[in-house]
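**Student:** Sequence:
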Amino acid sequence: MRHPHGRNVVLVVEDEPLLMMMAVDVVEAVGLEALEATNADDAVLILEGRSDIAVVLTDVEMPGTMNGLALAASVRERWPLIGIIVVSGRVTISRDDLPERGVFFPKPYDVDDLAHTLRRLTA
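Sequential numbering of the sequence shown, starting at 1437, is according to the numbering used here.
Note that these hints are calculated values from the structure, not bench results.
Please read all numbers here as calculations on a predicted model, not as lab measurements.
Any given hint might turn out to be false.
[As the list claims (entries may be wrong)] Ranges of calculated distance between the beta carbons of each label pair, as one might list FRET restraints:
1. Met1457 to Asp1549: 29 to 39 Å
2. Asp1548 to Gly1485: 30 to 40 Å
3. Ser1530 to Gly1485: 31 to 41 Å
4. Glu1536 to Ala1559: 14 to 24 Å
5. Thr1501 to Glu1452: 10 to 20 Å
6. Thr1528 to Glu1452: 12 to 22 Å
7. Arg1537 to Arg1486: 16 to 26 Å
8. Thr1528 to Ser1487: 27 to 37 Å
9. Asp1488 to Ala1551: 14 to 24 Å
10. Asp1532 to Gly1485: 10 to 20 Å
Yeah, the Cβ is synthetic: ideal placement off N, Cα and C, and Gly gets one too.
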């Protein structure tokens, strides 16, 4: 399954190495390409340099100048067509905390649900 404009890349923003590996595995199992960033600052640099990113999958709590919710808001403002998935194991996110069309998954997330959402956002 590919984005109609060739945008089949998911940017995974996660500072925990094992959780990064798990998220990348899910992205690749769906048939998408995964890019990795360990904080929001690096994620923004990657987003500024690429036009093929379809989805940002970000943790909430991470090092750097902004957390995952601030990153999600920035992505929605600067790149409104990019899908946003926010995950967290420590913070419960309400619908009001997410940017428009953002999706939240509590950790540990269901891999099948995440895969389904990735397919939907890149269809």
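**Student:** If a hint holds in the structure, say so; if it doesn't, say that too.
**Tutor:** The hints, checked one at a time:
{"no.": "1", "hint": "Met1457 to Asp1549: 29 to 39 Å", "result": "19 Å, violated"}
{"no.": "2", "hint": "Asp1548 to Gly1485: 30 to 40 Å", "result": "32 Å, holds"}
{"no.": "3", "hint": "Ser1530 to Gly1485: 31 to 41 Å", "result": "32 Å, holds"}
{"no.": "4", "hint": "Glu1536 to Ala1559: 14 to 24 Å", "result": "18 Å, holds"}
{"no.": "5", "hint": "Thr1501 to Glu1452: 10 to 20 Å", "result": "19 Å, holds"}
{"no.": "6", "hint": "Thr1528 to Glu1452: 12 to 22 Å", "result": "18 Å, holds"}
{"no.": "7", "hint": "Arg1537 to Arg1486: 16 to 26 Å", "result": "20 Å, holds"}
{"no.": "8", "hint": "Thr1528 to Ser1487: 27 to 37 Å", "result": "34 Å, holds"}
{"no.": "9", "hint": "Asp1488 to Ala1551: 14 to 24 Å", "result": "20 Å, holds"}
{"no.": "10", "hint": "Asp1532 to Gly1485: 10 to 20 Å", "result": "32 Å, violated"}
The structure shown violates the earlier hints numbered 1 and 10.
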